[in-house]
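K.L.:
Sequence:
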Amino acid sequence: MNKHGFTLLTEQHLHEVDGTARLWRHEATGAQLLSINNSDENKCFGVNFRTPPADSTGVAHILEHSVLCGSDKYPVKEPFVELMKGSLQTFLNAFTFPDKTCYPIASCNLRDFYNLIDVYIDAVFHPRIDEDIFRQEGWHVEAETPDGPWSYKGVVYNEMKGVYSSPDSVLAEQSQQGLFPDTLYSLDSGGNPENIPDLTYEAFYDFHSRYYHPSNARFFFWGDDPEDERLRLTAAALEGYTARPVNSDVPLQPRLETPRQIEVAYAASKGEKRALFTVNWLLGERGDVHQALLMEMLEHILEGLPGSPLRKALIASGLGEDTTGCGLETDLRQMYYSTGLKGVAPRDVQQAELLIFDTLAQLAEEGIPRSAVEAAVNSVEFAYRENNSGRFPRGLSAMVQSLTTWLYDGDPLAPLAWEAPLNSLKARIEAGEPVFEQAIKDWFLNNEHRATVVLLPDTKLGKAREDAEKARVDAVQAAADAEARARMVEETARLMEAQSAPDSPEALATIPALGIEDLPRENALLPRAVAELPETFLTHELPTQGIAYATLLLPLANVPDRLVPLLPLFARSLTETGTAKRDFTELGALMAAKTGGLGAETLVGLVRGSRKTFGYLGVSGKAVYDKLPDLFALTREILLEPLTDADVLRERLGQMLLEGKARLEHGLQSAGHAAVSARLRARFNGASAIAERTSGLSYLESVRGLLERMDTDPQSVLNDLEELRSRIIARPGAVMDCTAEAQGLALVETEARQLLRSLSPARAGAATDFGSAPLELPKGEAFIAPAQINYVGKAANIYDQGYVYHGSASVILRSLRMGYLWERVRVRGGAYGAFCNLDRLGGTLVCASYRDPNVDDTLAAFDGMAEYLRTFSPDKAQLTQAIVGAVGDLDSYLLPDAKGAQSLSRWLTDDTDAARALMREEILSTTGKHFREFAEVLAEVARSGATCVLGGPKTEAAAKEHSWSSTKLV
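Numbering (the working numbering), first residue to last: 39 to 1008.
Any given hint might turn out to be false.
To be verified - Simulated DEER-style distance windows between Cβ atoms:
(1) E267 / G405: 52 to 60 Å
(2) D913 / P770: 32 to 40 Å
(3) K308 / V686: 19 to 27 Å
(4) S355 / A531: 54 to 62 Å
(5) G553 / N425: 47 to 55 Å
(6) D685 / G902: 24 to 32 Å
(7) K1006 / A804: 35 to 43 Å
(8) A780 / A469: 32 to 40 Å
(9) A562 / E404: 51 to 59 Å
(10) R908 / A513: 42 to 50 Å
If you're looking for bench data, these hints aren't it; they were derived computationally from the structure.
Don't be surprised by glycine CBs; every beta carbon is placed ideally from N, CA and C.
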């Protein structure tokens, strides 16, 4: 069959994707196109290239950024940003992998979908990648004067400085590189900051010419759009191209006969003595889908649960604080497995490594418990059948899966057709074949192709990097004669001018856009019914493919303030310490064998209008309908039959706190923008204060204090946890929530009635002022970490200043985020990103930057928003664009379980359909006058707002200059 110049290569109906898949080849160029036709309204597209790097200059990564900065058909500075401003996209981004670059988009609106495709295809094949774009997105020497201090700048350069400031990121990169010493996987496609300035514009341009050709392209479509149009528009985009050879093959790493030992330093704070290490094994090719599925289950057996044997052995050894390593890696041509410990003394690394091999040997010889196998099989099968990709569109998840074979000239449908390999593996297991024990022997114990990577702390490395960077740029300056210096200053000025110059109206008019008339006038309503059992029972009838999502909410109204920091530990202890019936290993295996997951977490928020705090412990689980009795039996067990063995509790709780500390220390540094934002919000309302005290910078200090108490007075911690239990687990005020089809809702109601009857009719203690008070914090705070970048935040509560919410705020702040802040903080400042968000329920407005080389310049940009709005008069196109984008945010695509969760959240916050309808109408009726009026709100934020910054030397210097409080993070 031939259509629009495409020849059909294969056709297959796949019930796993609920549709028909066809693989086409473009005759003129050899480009391949995978077209999956199903009923998913969230339509997806991607164009993907093999992009093998030859060095660690980050050329593939810089090019990924740069091609989205204007093209022949769309000659604006950043079409990507223009699309982000005014599209109904449900996904719009680009990814650089070690061997490929992907450009995916998604939208539920057909016209919008075609607009996005057209811009992306022109971007990758006809980009306007001049030297200024290369310098802006990659790297450049910023020289404002011939003799003044020069510095390195660039979006990717600063992004990767952030990556290399994270020990976990460095360990992951070194673990991969250690296994592939002879192939492109030994390089950093993202770019090593030490190598990025070696990249020339000529090499950058050549990389695009070489690899961004249709003969090296793989197109992907998914959803309910017509297939004929997919072929037609792709053929039109490829018109004029002919086939040409592209040498982009990804070679296999030859197997090594001798294990490798690698030691690398990481930048550490003064006094840091802890190391991190991984043991890494090269496995087989990803194209063997049977082996990939087997290894996925083996990963779950070894480390998927708190009580899994390898994870349990490492944690129980006391040699480290938490496990590390990516586990099974399946995105490359050859798979690998990585495991290890963080927070380990360097002298104990060898002992920990021996423990890994001893544990694996014991499993191989003595056999893996049947319960662990059953848990792994059910967990993996449940995940495949549920196909819950969260906010990441299902179609793009399928694209990434298909590329694991397709990129290496294998069958792109093999990873998607998982049912047959799964049934084959289950039959082998049922027949008694020791498939997992044999895999341990073959791929771990008898596999000499492995690398042990140890990261050792170096308290001088951070400064050494700063000094080396300065010395390098100083050498460039010193070697430049007067003419060269003048040229450098001229180039800097030209780049700044280009960055500041607005796009012409004619150029902006080329960007395809939706109009107000393309937007639904009304919100899509989420289903919700409320019944009394007599406790409140919320139901959301949605198509969940035979899975019920159930949550029991238990009020936290009786929790005293001193016990708030213990809430996360209490929530984890319900499923991770064991019960009176079984230890945590058996409990975890049973939960994994019978359900799709069961856990607990703290849920806090504000009620619209009153701004009062609500708080619940949410115990959530999911299961197929015939396993609902098991789910609710396990829920009753964890709530009502607690473990009472004090010795076991002390040991297990200590392990959990160490894990939590290690995760916080990593997470707060790598997501510093989230940490500073949470810290700033905590000063303005009680709900945000609770959130910060149970997940943020305050919580890290609490965890450290709890660890000291576990050493000096462990019984006091156990007593506090027991008090929490008595104050939380009871029937009064409980709420049951469920998302499922009608059959599932009826089954859950029966189980919920029994569960609620089994709870105590009264809870201990009296109501407290839970969540009533914000945190009292200094107006300026700095948290110092061994990082080369910063996360800068500023916030104020505009409701306290007298502002009354109007939907236009969503339009204005989105316009600022994608316009003014993008240009000032990202394009000109070199940060990886910046945002400005308003908590509609609480009134807190937060601005923050991400992986930012600056501090004061960014704060000045935040403060400058008011003056910008005073003089900004959006024309009709700009206003329409901002309104469309705001409606796109409002109408974000959700899977059924997320719709149920969103409906529950709106009920808890009293975010009624009427209130949301008014917000939508205000968004749609936003005018330029609203922009100018909001300027005065932002002027007050600039004047009275609080500041919080997390970062390295520049943060420390700013704290001293502005007399902020300063705290060492690690």
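K.L.:
Which numbered conditions among the earlier hints are violated in the structure presented, ordered from lowest to highest?
P.N.:
Violated hints (numbers, rising): 2, 3, 5, 6; every other hint is consistent with the structure.
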